[in-house]
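Chemist: Listed below are the residues making up each chain.
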Amino acid sequence: MASTDQDISLSASETLAHARRVDAQRKTRARWILLSPALILIGLFGLMPLSITLVYSFLKPGSFGGVEWVFSLDAYIQFIAQRDIFDDTLSVNWSYLSIFSRSIGLSLGATIGALILGFPTAYFIASKPADQRNFWLFLITLPFWTNLLIRTYAMLLIIRDQGVINTGLMSLGITEAPIEILYTDTAVFIGLIYSYLPFMVLPLYASLEKLDLRLIEAAYDLYASRFRVLTNVILPLAKPGIVAGCILVFIPGLGAYITPELLGGGKKLMIGNLIAIQFGSSRNWPFGSAAALILMAVVMVALLLYVRHSAKEGHSHG
Amino acid sequence: MKHKLLGFSAACGVALCSSGAVAEGELHIYNWGNYTSPELIEKFEQEFDIAVTLDGYDSNETMLAKVQQGNTGYDIVVPGDYMIAIMIEQGLLEDIDANTMENFGNVDPKWVDVYWDPGREYSVPYQWGTTSFVVDSEVYSGDINTLGLIFDPPAELQGRINMLNDMNDVINAGLRYLGYPRCNSNEDELRELTALLLEAKTHWRTMDYSTIEKLTSGDVDLSQNWNGASMRARAQRPTLVYAYPKEGFTGWMDNVAVLKDAPNLENAKLFVNYIMDPENAALISNFARYANGIMGSEPFMDPEMTEAPEIVMPADAPAPDFVPPCDQSVVDFYNVIWTRLKQ
Amino acid sequence: MAKRYDLRRQPGFSQIAWFCIFMLYAPILMLVLFSFNDNRSVVKWTEFSFRWYTEAFANDGIRAAAVTSLKLALVASVFGTIFATMAALATTRTRPYRGMNLAYAIINQPLMIPEIVTAIASLSLFALIKQITGVTGIGYLMLAHTVFCVPFAYMPIRARLEDMTLTLEQAAADLYASPIRVFWEVTFPLLIPGVVSGAMLAFVVSLDDVIITLMVAGPGETTLPIFILGAIRRGITPEINAVSTILLAVSILLVAVFFLFQRKTKK
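Residue numbers (this note's numbering), protein chains in the order written: chain S, 997 to 1314; chain B, 569 to 911; chain Y, 24 to 290.
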């Protein structure tokens, strides 16, 4: 009798272990099945082009565009240093670095601006009754069904010297001369925020919508002020949305070039323009590819640093 | 008001009913955006029972990049003069013996022996024009026929200038002002050019292609511009005058050519011959607002065009300067200058 | 009185939200206004007219472009959102597993690199595929759009999932609901706000794409943004404003009907 009991319990624990293993295997399989469409699609049509770009960046430019199949590091060297047409020596090439830093600065500014405007907006939508939220979301995205170029032209009408804002300000006697906004960095800044605002609002909304009211209630019960509730309860809970929104604004903002060109007046290059002209009139595909990869590396490093930082933070708190 | 509403609803009706009948053949045209007369296409479709698709590009370089990769599916392209030269050299165009076609006799002889296609084996004229600049004569009343207005502007034009956002157009204008040759790789001369451009840029407000909007809205009073666009802008701002600077200005011609792997070669040839007919050439001009290089087309053109000072050059103006494609070494220099200018 | 104790309220937030909505719509109002401009300018007002609506309706090119744009955006956003939802389910609420970070990096790759570069490289790749298979058509454009729609849809969905607890799903599983039933009856309803946000983003991104479309599009595949881009040098006319206004009006109408319907079925 006793021995049978033991047998049963032994086989039971074996079965349990087996079931766990099967369950884990099933989970892994399900996971990869779920991932496969996105990974195959992007692997084929995202990573293959990326590899082509990588190869291009190590070749020589072909005459009149394209590439010549000869290995060369020129594209990368050109980025850092350039044989100066003024004194014939290799010197640090500040042009590209200054274009990169301006683009990063503007895009970062726009990301912060979009967050400051987008967070309250997303919060406002999330605190509407459940059956109205989709309507408000739609209201935010609707303007973007209209082409960016056309919207930008319409924006010109508002911020130009004789535009709506300046005419309004002057007729109210607030200013005497028009404030020059158009064709300045301010205009680019406004334009970028405008273009990417929904990219901030939508992820924020997705993460704020499920905000647990009980946590807020608890905070108020502990006599927290509205501001403390915002900074110590709501913001930490919305973190995934904030991260997603910032990524979606910052990275596309870096590559943007229609907005800077039309609103900024096109007198200064942004990274996006710099890279684009390499595939156009500059006829230097390898350099365009190299610049794009360098940009990608910068973005990746920034993201990695962020991931490291947040992992560390999570560790110390946990 | 009522009349307009009627027209509007009629148009809606037409739009709903017009489903294309099945045609014999096909033709795929790849032209600059908004540059092809819809009337011409419709007429061609009906006459030959060919279904035409029309797509637009924004620059010669976009078109070249696509064609270089092959298998675009397009039959007809309309490259600029220097781009024709490049594409012939790279073997991207079909030799269609354009000069033996029925309507070739209509081509103005001055457009036959051109640098980009001597004797016209591959291409025929589509539209041609000039790239100079346009000034508001009310803002500046002095002599306008000098590039000095761009590179050493008088006080009233400072900060009121738009330049095209085009490396070649800006650099070539600078070279002309300094009296140096185009496709220049002389380092001393380029150094001087860079200094000139950097100094002049402080007086420029913008560098952009949308010249018509900039001029009509009053954002700028002078803009480097194409002649046809200048005529359009003058319709909105009558005081604009197109300049023929004594230092010279760019001439250009867009040409119809057939791609090497064209799926509908015969239809494409039909189309090439078709647009050399004076009446059809005039249709293109009336839409795109440039001259066409086909003799006998004037009677079919809008009178506004045959008299426009932007299209009809004054006798004392210098000959337009057609600039061939430069070597890569020159382009590399230009890139450095351009990046420095816009850094 | 009740308002004072509204737990969610934050001072100034609704004002900022209204400011944003105003900022987003001000250019749209200008755009609609100028679609009724008699002049051929989008920057200088003359007098009221329906002229550009008539012309837009008569213009086959512009109409075809608008239809292509919508078709493309619909296909790309639907597939992009489905794939993104699946991927988000597999990369959140789980212990880190081997390959997870790599999967995350791959999904976001289309965001990381400037569009023009992807455009040129895709052009090369597609030309090669066309050469080998002989297949042509709008499928390539749909593929290319779906690829960049995935990360845009993935981000909001992931943000939504990240802090969602597993409690409810576990409870359902304890009641012997099959995984598929658990998903449809528990997970998905909770996920809807994220999916809606993601789909809307993907749709907008596809509808507005210029560079990749310009490079990948074949004959007869011109979209509205390409049409407009080509028109810049020759001057943009209010015709384009007219088309945009019609698109806006149609979408508002559709959504209004949708919301009314939704409200009715609820009652």
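Calculated from the structure, these hints are not laboratory results.
All figures in this text were calculated on a predicted structure; none of them were measured in a lab.
Warning: the hint list may mix true and false statements.
Stated by the list, open to error - So, partial list: chain S residues that the calculated Cβ filter (under 10 Å) puts toward chain B:
(1) PRO1033
(2) SER1059
(3) GLN1158
(4) GLY1164
(5) GLY1262
(6) LEU1265
(7) LEU1270
Said to hold, decoys possible - Restraint-style ranges between C-beta atoms, simulated for each label pair:
(8) GLY659/B x LEU1040/S: 44 to 50 Å
(9) ALA279/Y x ALA723/B: 55 to 61 Å
(10) ARG121/Y x LEU1104/S: 32 to 38 Å
(11) GLN1128/S x ALA272/Y: 19 to 25 Å
(12) ILE269/Y x LEU1218/S: 39 to 45 Å
(13) LEU1165/S x ARG32/Y: 50 to 56 Å
(14) PRO877/B x ALA279/Y: 36 to 42 Å
(15) LEU1165/S x TYR748/B: 43 to 49 Å
(16) PRO871/B x GLU70/Y: 21 to 27 Å
Here a beta-carbon is modelled for each residue, glycine too, at the ideal position from N, C-alpha and C.
Chemist: Now tell me, hint by hint, if it's right for this structure.
Modeler: Against the structure, the hints:
Interface restraint check for PRO1033/S: the shortest CB-CB distance to chain B comes to about 27 Å, outside 10 Å, so the restraint is violated. Because the smallest distance between the Cβ of SER1059/S and any Cβ of chain B comes to about 5 Å, under 10 Å, the interface hint for this residue holds. For GLN1158/S, the interface hint holds, since its Cβ comes within 10 Å of a Cβ in chain B; the closest pair sits about 6 Å apart. Here the hint on GLY1164/S is broken, as its CB sits about 17 Å from the closest CB of chain B, past 10 Å.
Hint on GLY1262/S holds. Least Cβ distance to chain B is approximately 4 Å, under the 10 Å limit. The beta carbon of LEU1265/S comes within 4 Å of a beta carbon in chain B, closer than 10 Å, and the hint placing it at the interface holds. The restraint placing LEU1270/S at the interface with chain B holds, with a minimum CB-CB distance near 7 Å, inside the 10 Å limit. Between GLY659/B and LEU1040/S the beta carbon distance is about 31 Å. The supplied range of 44 to 50 Å is therefore violated.
Restraint check, ALA279/Y to ALA723/B: a C-beta distance of roughly 56 Å satisfies the suggested window 55 to 61 Å. The hinted window of 32 to 38 Å between ARG121/Y and LEU1104/S holds, with their beta carbons roughly 34 Å apart. Checked against the hint of 19 to 25 Å, the pair GLN1128/S and ALA272/Y passes, with Cβ atoms roughly 22 Å apart. With their beta carbons about 55 Å apart, ILE269/Y and LEU1218/S fall outside the hinted range of 39 to 45 Å.
As the Cβ distance of LEU1165/S to ARG32/Y is approximately 32 Å, the hint placing it in 50 to 56 Å is violated. Distance hint check: the CB atoms of PRO877/B and ALA279/Y are about 52 Å apart, inconsistent with the given range 36 to 42 Å. The beta-carbon spacing between LEU1165/S and TYR748/B, approximately 47 Å, falls within the hinted interval of 43 to 49 Å. The supplied range of 21 to 27 Å is met by PRO871/B and GLU70/Y, whose beta-carbon atoms lie about 25 Å from each other.
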